[in-house]
Each structure stands twice: as structure tokens, then as C-alpha cells.
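Put together the whole structure using the sequences plus the hints.
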Amino acid sequence: AGEGGAPVPGDGAGPPAPQRVLFPPTFSVSEIKNKQRRHFMFLRWKQQQRKEKLALKKKRRKEREALGDKAPPKAIPKTIENQRVYDETTVDPNDEEVAFDEATDEFAPYFNRQTVPKILITTSDRPRGRTVRFCEQLATVIPNSHVYYRRGLALKRIIPQCIARDFTDLIVINEDRKIPNGLVLSHLPDGPTAHFRMSSVRLRKEIKRKGKEPTEHIPEVILNNFTTRLGHSIGRMFAALFPHNPQFIGRQVATFHNQRDYIFFRFHRYIFKSEKKVGIQELGPRFTLKLRSLQKGTFDSKFGEYEWIHKRREMDTSRRKFHL
Amino acid sequence: SPQVVWSMLGNRQFCSYKMTTKTQNFCRNEYNLTGLCNRSSCPLANSQYATVREEKGRCYLYMKTIERAAFPRRLWERVLLSKNYEKALEEIDENLIYWPRFIRHKCKQRFTKITQYLIRIRKLTLKRQRKLVPLRRKIERRENRREEKALIAAQLDNAIEKELLERLKQDTYGDIYNFPIHAFDKALQQQEAESESDSDAEREEDDDEDVDKREFVEAEDSELSDFEDMDKLETSSEEEQEEEEEVEKKASHRKWKGKTPLKGPARRKRPYIEIEYEEETEPSTKTKAA
Numbered sequence: 023a024g025e026g027g028a029p030v031p032g033d034g035a036g037p038p039a040p041q042r043v044l045f046p047p048t049f050s051v052s053e054i055k056n057k058q059r060r061h062f063m064f065l066r067w068k069q070q071q072r073k074e075k076l077a078l079k080k081k082r083r084k085e086r087e088a089l090g091d092k093a094p095p096k097a098i099p100k101t102i103e104n105q106r107v108y109d110e111t112t113v114d115p116n117d118e119e120v121a122f123d124e125a126t127d128e129f130a131p132y133f134n135r136q137t138v139p140k141i142l143i144t145t146s147d148r149p150r151g152r153t154v155r156f157c158e159q160l161a162t163v164i165p166n167s168h169v170y171y172r173r174g175l176a177l178k179r180i181i182p183q184c185i186a187r188d189f190t191d192l193i194v195i196n197e198d199r200k201i202p203n204g205l206v207l208s209h210l211p212d213g214p215t216a217h218f219r220m221s222s223v224r225l226r227k228e229i230k231r232k233g234k235e236p237t238e239h240i241p242e243v244i245l246n247n248f249t250t251r252l253g254h255s256i257g258r259m260f261a262a263l264f265p266h267n268p269q270f271i272g273r274q275v276a277t278f279h280n281q282r283d284y285i286f287f288r289f290h291r292y293i294f295k296s297e298k299k300v301g302i303q304e305l306g307p308r309f310t311l312k313l314r315s316l317q318k319g320t321f322d323s324k325f326g327e328y329e330w331i332h333k334r335r336e337m338d339t340s341r342r343k344f345h346l
Numbered sequence: 075s076p077q078v079v080w081s082m083l084g085n086r087q088f089c090s091y092k093m094t095t096k097t098q099n100f101c102r103n104e105y106n107l108t109g110l111c112n113r114s115s116c117p118l119a120n121s122q123y124a125t126v127r128e129e130k131g132r133c134y135l136y137m138k139t140i141e142r143a144a145f146p147r148r149l150w151e152r153v154l155l156s157k158n159y160e161k162a163l164e165e166i167d168e169n170l171i172y173w174p175r176f177i178r179h180k181c182k183q184r185f186t187k188i189t190q191y192l193i194r195i196r197k198l199t200l201k202r203q204r205k206l207v208p209l210r211r212k213i214e215r216r217e218n219r220r221e222e223k224a225l226i227a228a229q230l231d232n233a234i235e236k237e238l239l240e241r242l243k244q245d246t247y248g249d250i251y252n253f254p255i256h257a258f259d260k261a262l263q264q265q266e267a268e269s270e271s272d273s274d275a276e277r278e279e280d281d282d283e284d285v286d287k288r289e290f291v292e293a294e295d296s297e298l299s300d301f302e303d304m305d306k307l308e309t310s311s312e313e314e315q316e317e318e319e320e321v322e323k324k325a326s327h328r329k330w331k332g333k334t335p336l337k338g339p340a341r342r343k344r345p346y347i348e349i350e351y352e353e354e355t356e357p358s359t360k361t362k363a364a
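Residue numbers (our numbering), protein chains in the order written: chain A, 23 to 346; chain B, 75 to 364.
Hints listed in this document are in silico derivations from the structure and should not be mistaken for laboratory results.
There's no promise every hint is true.
Stated by the list, open to error - Here are the simulated lysine-lysine pairs, BS3-like style, with alpha carbons at most 27 Å apart: (1) B:LYS236 to A:LYS96; (2) A:LYS333 to B:LYS236; (3) B:LYS223 to A:LYS230; (4) B:LYS205 to A:LYS178; (5) A:LYS100 to B:LYS130; (6) B:LYS205 to A:LYS312; (7) A:LYS333 to B:LYS223; (8) A:LYS324 to B:LYS197; (9) A:LYS232 to B:LYS223; (10) B:LYS130 to B:LYS205; (11) A:LYS232 to A:LYS333.
Said to hold, decoys possible - Some chain B residues close to chain A (C-beta under 10 Å, calculated; not the full set): (12) MET82; (13) GLY84; (14) ARG202; (15) ILE213; (16) ARG216; (17) ALA224; (18) ALA227; (19) LEU230; (20) ASP231; (21) GLU237; (22) LEU238; (23) ARG241; (24) GLY248; (25) ILE250; (26) TYR251.
Heads up, the beta-carbon is just placed ideally off N, CA and C, and yes, glycines get one too.
Rendered as C-alpha cells:
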């Protein structure tokens, strides 16, 4: 609809702002009552918009070519990662407080090489074939891990037994409708418990162009993009699953890559073809995780103290805000 | 009279409590004793009737007699049964004394079944309860789409390759990979012969420093010189002889690939010796080529 110009209200000192010229009032396409005609007018308007956009692009390109070398550099396209809302808990590499925290938190014994990781992998009750096979494959990927059947045992009772037998981590894979869909990772001598939602699980046979089976060598670990404080602690949790001394002869690498709060796990075998080129071949299962909650002690859903829970209403409001 | 009621409801006309299936008719009436739609089980078609029902874990015996047929509010008389199983059975017996056998028997059967399921409920509540959390379709769909887009944005293969090359540059692999023409020639200055283990000691120290400075704990150390990795050397080096050496090494090491995981320490010693071999045999290969 047409706009009317009004003099800017302000001090009477300055002269009144010039009135804007009124063109004949344009009608918007949405005011036409007839659907067919409205649709037609809308298409025509759209075509016009596209033409204008194309013309603008062409003009800009011509200007760019005309300037040649003196042309200003191309604008960086906006991506979600560029536009990410700055999180104040982002870890600064030189932060002393963070370094101090990490030296004294539950993973300190692991990072000081005092403990060797020993992992117990189990499932929820009565796992189906797919989950069982996934557990087995996960056990081959993570060194020094053991799979045990659940058989209706309560986690609260398993945990003291695990601690007594020197296990450092407990992984519970939750299953729903014959596919694994959740993962609970608990660091045992009362370490934090993280609950993830697991999706796109691919077993080894479903991966195309996979290599041979993962060998017994200890893989390297890559943790990408864990920037915030929360992400940092989760990253350390993952790192604590693998022994400290990767066997480079195995040429295997396990990757936890965080992108927009989704953690992608991949297991590859790499080979350096030259110093600038490396080839990777995917073996091993793959899955993606999304953090749902992080709890301070070991698994205790009723009385535990939660460090972080994903609250949909508060945290999912902005598309550019990520927590990990 | 009950006969009329039955001939109407049971057979010919409509009874709203009756549910028919292919093989049987069921009765949905809450006072029904057996749950089936029969002449003897229909609470509407029998003027003298009794049932056992439970409420909040306590069992009651409900009785209906002809005398009260005119007073619907007082129709069903309720008796609380004792918690003790045998005592409750006796109570049923004494309340339903002189009643038809069928009703007495069925009441006791029903009471037994009810007590058994109450016991089971109590046992189950002590065990772990499985809490079902409903999925929300819109949210599931949204998360799946975001995951796909995040996967595309992640460009995992590139990221992993970049990271590995970074690590190669930072010398975390130490001596394993032998690329003579690489950018970190400054590392070459530290040691002349890259196949010596002496330099590994220096390298390890450097690597430890690098590892400590890093932000994300990458949980790795540089390994001792592992010459089993020579089999991976595919880069062409400056001299043809080295290439031939490598080809020889590759050929010999290829056989070992399956065995290396088993005999770790033994393997480590052998390649060291092998290199000396190759230096010796250099002239022989030269002569062959010539």
C-alpha cells in the first residue's frame, strides 16, 4: 500500500523533513480476491523479481570485470557457522581457569596416564539382532572393551560391580523398535554421565566401499569443533574412551566431529600417499549423536544433579545458537 | 422376568454390552462374572447374581437379589473380603451359601485370578519401570533434517584428511613416514639419516611439547620407530635405487601385513637389520640394472 510521508517530529528548530512523493497507490497481489488471477499476478511478480535479480548480478559482474585487478574481494557468503551466535562459554586456548579445571576434574587421572581405559558395553533389555551386532562392532573399534548382555539387571546395581572390577567407562545402548537410538556414556569412578540420542547408525556391511575389519591396533582419536566448555567436557569424555598410546602402525583413526551440535562418529583407515595427500577408507560402524543431558555423577535419573539438559523450549529458539 | 430379558437381549435384540467376535460373544458389563455373554453369566438376565471386583487393591463381593430388583440404587450389595486368601474364600462361601453352584464357583475363580494379578503388580512395581517417552513427529523430522544438513556442512572426509595432514606436519608420527621432499625441511636439519633411531629420541621430546600445547587432547604419543610402516611408502624418492629398495621392501613387507599385529616386538628388530641389508645389496641391484 502507498506510504504517506510525515514531517519528522522533533525539535521545532530544524526545518520539517521534505514530504515524500506519493505515486498512484499500488495494490499488493494478495488483495485480489480471485484465486486464478491472484496466482497469475503472483507468478508475474515473481518473474519480475527474478529478472531484476539477474540484472543486478550481471551488472555487478560487469563492474567486477571492468575493475579487473582492483576489484574488491568477493564477499564471504553467510553460513550458519559464520552466523553462529557467540557463546560466552567458548573455550579460549590460553584460558588458565579452564586448564586448571581440566587438571582437577574426573578425567585428570586418565590424562595423567594413571588409568587405562576399560569399557563395558551393554544394551537395554532384550536387544534385537541389529543392536547386538552394533555392540560387537563397537567393541572392535574401541580397544579394551567388553560386551555383556543386560538380562534385566538394574544399572544401579551394575555400576558398583563395574567399579569393583576396574572398569573406567560404561556404555549403554538403548534400543527402540529394533534399532539402537540412544547412548548413555558414563565415566565410572563417579564421573559424569552423558545421554545422547543416536541416529543414522550404519553397520559395517551397510557402508559402501568399506575396507577390511578393524585390527586390534589402538586407533588415534580426532576431536573436531568442540569449542564451548560443555563441548570440551564431552570431548574429553570421548577421548577418555581410548588408550593414550595410539599405535600408528595400525593407521586407524576414530573421529568425533561436532557440527551444529551433532557429533558424527567415523572410523577410518588412512594412508599417506604423499606429504600433501592422504587417502582414507572407512571401516567400522558410523553413527551420529546429539547430546541430551549431562549429569554430574554416575547414572541416576531420579536424584542426579544435572549439569546440562536440553530444554527444547529455551534452547531451540534460535537457529544460529549451538551449545557444543 | 429374567427369561424374557434374556430372550430379548441375549438373542434377538440389541444389547449394548454385548461384543461379538468371530468365535465368541463377550459381555462388557462391569458386573459380569465371566466376561462372556451367556444365559448364566448375564447380570441383566439373572435376578440372583454375584461378582467379585477389586478396587484399589481390595476385593469386594457384589451380590444382587430379586428382592431389591425394584430399587436400582440399592441393587448391588457390597461386602469387603479379607486380605487373607483362605479367609476370603470362606467369606465368599458363607455369603453365597445356598446360591447356585455355578455362581459360587465362578466367584471363587475370579477372586483367585484377581489376587494373583494383584501380587504380580506389586512385584513388578519393585523392579525397574520402563518409562516410555513419546516421540514428537515434528521434532523428529526437524532433527533429522538438521542432521542431514549438518552432515553436508561438516565435509567429514575433508576435515579428517586435513587433520591427518596437520598431524603429519606437526611430526606426531615421528619417523614412520619418510617423505624427503616435504615442506618441513627444517626437521631434516635435525638429523641426516632419517632411519636412525637416535633421532627418534629427539623427536619424541618435540612431540611431547607439541602435544601439551594443544587445545584438544588428542591422546597420542609419537611411537618408536616402526619400520613395519615402510610398506606404506609409496612416494617416489630421489634415487632410483631407493625406489627399488622400496619396491623390494614393499614386496617383502606385503607378506608380513597379516602377521605384524601378532609379533610386535620381534618385528621391530628385523627391519632395522633389513636396512643394513639393503645398503649392502645396493651394488648388487645396481649391477642387475646395468
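Consistency of the hints with the structure:
1. Among the hinted pairs, LYS236 (chain B) with LYS96 (chain A) is consistent with the structure: their alpha-carbon atoms are about 25 Å apart, no more than 27 Å.
2. Between LYS333 (chain A) and LYS236 (chain B) the CA atoms are separated by roughly 35 Å; this puts the pair beyond 27 Å, and the hint is violated.
3. A distance of roughly 21 Å separates the Cα atoms of LYS223 (chain B) and LYS230 (chain A); the hinted pair therefore holds under the 27 Å criterion.
4. Using a Cα cut-off of 27 Å, the hinted pair LYS205 (chain B) and LYS178 (chain A) holds, with the two alpha carbons roughly 16 Å apart.
5. Distance check on the hinted pair: LYS100 (chain A) and LYS130 (chain B) sit about 62 Å apart at the alpha-carbon level, beyond 27 Å; violated.
6. Between LYS205 (chain B) and LYS312 (chain A) the alpha-carbon distance is near 20 Å, which keeps this suggested pair within the 27 Å criterion.
7. The hinted pair formed by LYS333 (chain A) and LYS223 (chain B) meets the criterion: a straight-line CA distance of about 22 Å does not exceed 27 Å.
8. Taking the CA atoms of LYS324 (chain A) and LYS197 (chain B), the gap is about 21 Å. The hint holds against a cut of 27 Å.
9. A hinted pair counts as satisfied when its Cα atoms are at most 27 Å apart, and LYS232 (chain A) with LYS223 (chain B) qualifies at roughly 24 Å.
10. Between LYS130 (chain B) and LYS205 (chain B), the direct Cα distance comes to roughly 22 Å. Compliance with the 27 Å bound is thereby established for this hinted pair.
11. Of the supplied pair hints, the one linking LYS232 (chain A) and LYS333 (chain A) is violated, its CA atoms being roughly 38 Å apart against a limit of 27 Å.
12. With its C-beta approaching chain A no nearer than about 48 Å, MET82 (chain B) sits outside the 10 Å limit, and its interface hint is violated.
13. Interface hint at GLY84 (chain B): violated, since its Cβ lies 44 Å from the closest Cβ of chain A, which is beyond the 10 Å cut-off.
14. For ARG202 (chain B), the suggested interface contact is upheld, since its CB lies about 5 Å from the closest CB of chain A, less than 10 Å.
15. Given hint, ILE213 (chain B) at the interface with chain A, holds; its Cβ is 7 Å from that chain's nearest Cβ, closer than 10 Å.
16. Checking ARG216 (chain B) against chain A by beta carbon gives a least distance of about 9 Å; that is within 10 Å, so the hint holds.
17. For the restraint placing ALA224 (chain B) at the interface with chain A, the shortest Cβ-Cβ distance is roughly 4 Å, inside the 10 Å limit, so the hint holds.
18. About 6 Å separates the beta-carbon of ALA227 (chain B) from the nearest beta-carbon of chain A, less than 10 Å, and the hint is met.
19. For LEU230 (chain B), the suggested interface contact is upheld, since its CB lies about 6 Å from the closest CB of chain A, less than 10 Å.
20. Interface restraint check for ASP231 (chain B): the shortest CB-CB distance to chain A comes to about 6 Å, inside 10 Å, so the restraint holds.
21. Satisfaction of the interface hint for GLU237 (chain B) is found here, the shortest Cβ-Cβ separation to chain A being roughly 5 Å, below the 10 Å cut-off.
22. For LEU238 (chain B), the interface hint holds, the least distance from its beta-carbon to any beta-carbon of chain A being 5 Å, beneath 10 Å.
23. With a cut of 10 Å, the hint placing ARG241 (chain B) at the interface with chain A holds, because the nearest CB-to-CB distance is about 8 Å.
24. Nearest Cβ of chain A to the Cβ of GLY248 (chain B): about 8 Å, under the 10 Å cut. The hint holds.
25. A hinted interface residue such as ILE250 (chain B) counts as satisfied when its beta carbon comes closer than 10 Å to some beta carbon of chain A; here the least separation is about 6 Å, so the hint holds.
26. With a cut of 10 Å, the hint placing TYR251 (chain B) at the interface with chain A holds, because the nearest CB-to-CB distance is about 5 Å.
In the structure shown, a violation is registered for the earlier hints numbered 2, 5, 11, 12 and 13, in ascending order.
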